[in-house]
Amino acid sequence: MTQLLYFSAQWCRPCKAFGPRLTAEADARGLELLKVDIDGPNKHLVDEFGVSSVPTVLVLKAGKVADKFGPLSPQYLRARLDAAEEGIAQ
Numbered sequence: 104m105t106q107l108l109y110f111s112a113q114w115c116r117p118c119k120a121f122g123p124r125l126t127a128e129a130d131a132r133g134l135e136l137l138k139v140d141i142d143g144p145n146k147h148l149v150d151e152f153g154v155s156s157v158p159t160v161l162v163l164k165a166g167k168v169a170d171k172f173g174p175l176s177p178q179y180l181r182a183r184l185d186a187a188e189e190g191i192a193q
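Numbering (this note's numbering) for the sequence shown: 104 to 193.
These are calculated hints, taken from the structure and not from any lab test. Treat each hint with caution, since some may be false.
To be verified - DSS-like cross-link-like pairs, simulated, lysine-lysine; straight-line CA separation at most 25 Å: (1) Lys146 to Lys171; (2) Lys138 to Lys119; (3) Lys171 to Lys119; (4) Lys138 to Lys164; (5) Lys146 to Lys164; (6) Lys171 to Lys138; (7) Lys146 to Lys119; (8) Lys138 to Lys167.
As the list claims (entries may be wrong) - Label pairs and their in silico Cβ distance ranges: (9) Gly133 to Ser176: 33 to 43 Å; (10) Arg181 to Leu137: 29 to 39 Å; (11) Glu189 to Lys146: 13 to 23 Å; (12) Asp142 to Glu189: 17 to 27 Å; (13) Val168 to Arg132: 24 to 34 Å; (14) Trp114 to Gly190: 11 to 21 Å; (15) Glu189 to Trp114: 27 to 37 Å; (16) Gln113 to Gly190: 19 to 29 Å; (17) Lys171 to Pro123: 19 to 29 Å.
Note that the structure is predicted; figures quoted are calculated from it, not measured. Note that CB positions come from ideal geometry on N, CA and C, so glycine has one too.
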């Protein structure tokens, strides 16, 4: 199963704009979306996955990172998720 690991922060303006778009796309595709607040209790994941800015999305397939990207337009987000689901890394 493909999972999306979404790193964001309460204070991040781009996160507030991109988050709803990502959530809607994940819901439409039936993808599991796991949200990580970089200032919250799971902030150790920031270092574990090498996240250096927010928003950042990691696409996980079988528990391994298949893709990593920042905020995208709706068109590019769909294309990136299509490629990840088909197993084609960008």
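If you check the beta carbons of aspartate 142 and glutamate 189, does the distance land in 17 to 27 Å?
violated, 34 Å
Lysine 146 and lysine 119 were given as a pair; does the straight-line alpha-carbon distance stay at or below 25 Å?
This hinted pair holds, its Cα atoms lying about 18 Å apart.
Within 25 Å, alpha carbon to alpha carbon, are lysine 138 and lysine 167?
Roughly 17 Å separates the two Cα atoms, so the pair holds.
Holds or violated: lysine 171 to lysine 138, with C-alpha atoms at most 25 Å apart:
It holds: about 14 Å lies between the C-alpha atoms, which stays within 25 Å.
Holds or violated: lysine 146 and lysine 171, Cα atoms, limit 25 Å.
holds, 17 Å
I want to verify a distance hint. Is the separation of the beta carbons of glutamate 189 and lysine 146 within 13 to 23 Å?
violated, 32 Å
Given a hint of 24 to 34 Å, does the C-beta separation of valine 168 and arginine 132 actually sit inside it?
violated, 18 Å
Assessment of proposed distance window 19 to 29 Å (beta carbons of lysine 171, proline 123)
This hint holds: roughly 20 Å between Cβ atoms.
For the hint 33 to 43 Å, verify it against the beta carbon of glycine 133 and that of serine 176.
Given about 22 Å between the Cβ atoms, the range is violated.
25 Å Cα cutoff - pair lysine 146, lysine 164
holds, 21 Å
Looking only at beta-carbon atoms, does the pair glutamine 113, glycine 190 fall within the given range of 19 to 29 Å?
Check failed, 34 Å falls outside 19 to 29 Å.
With a cut-off of 25 Å on the C-alpha distance, tell me whether lysine 138 and lysine 164 pass.
Roughly 16 Å between the alpha carbons, so the hint for lysine 138 and lysine 164 holds.
Hints 9, 10, 11, 12, 13, 14, 16 from the earlier list are contradicted by this structure; the remaining hints agree with it.
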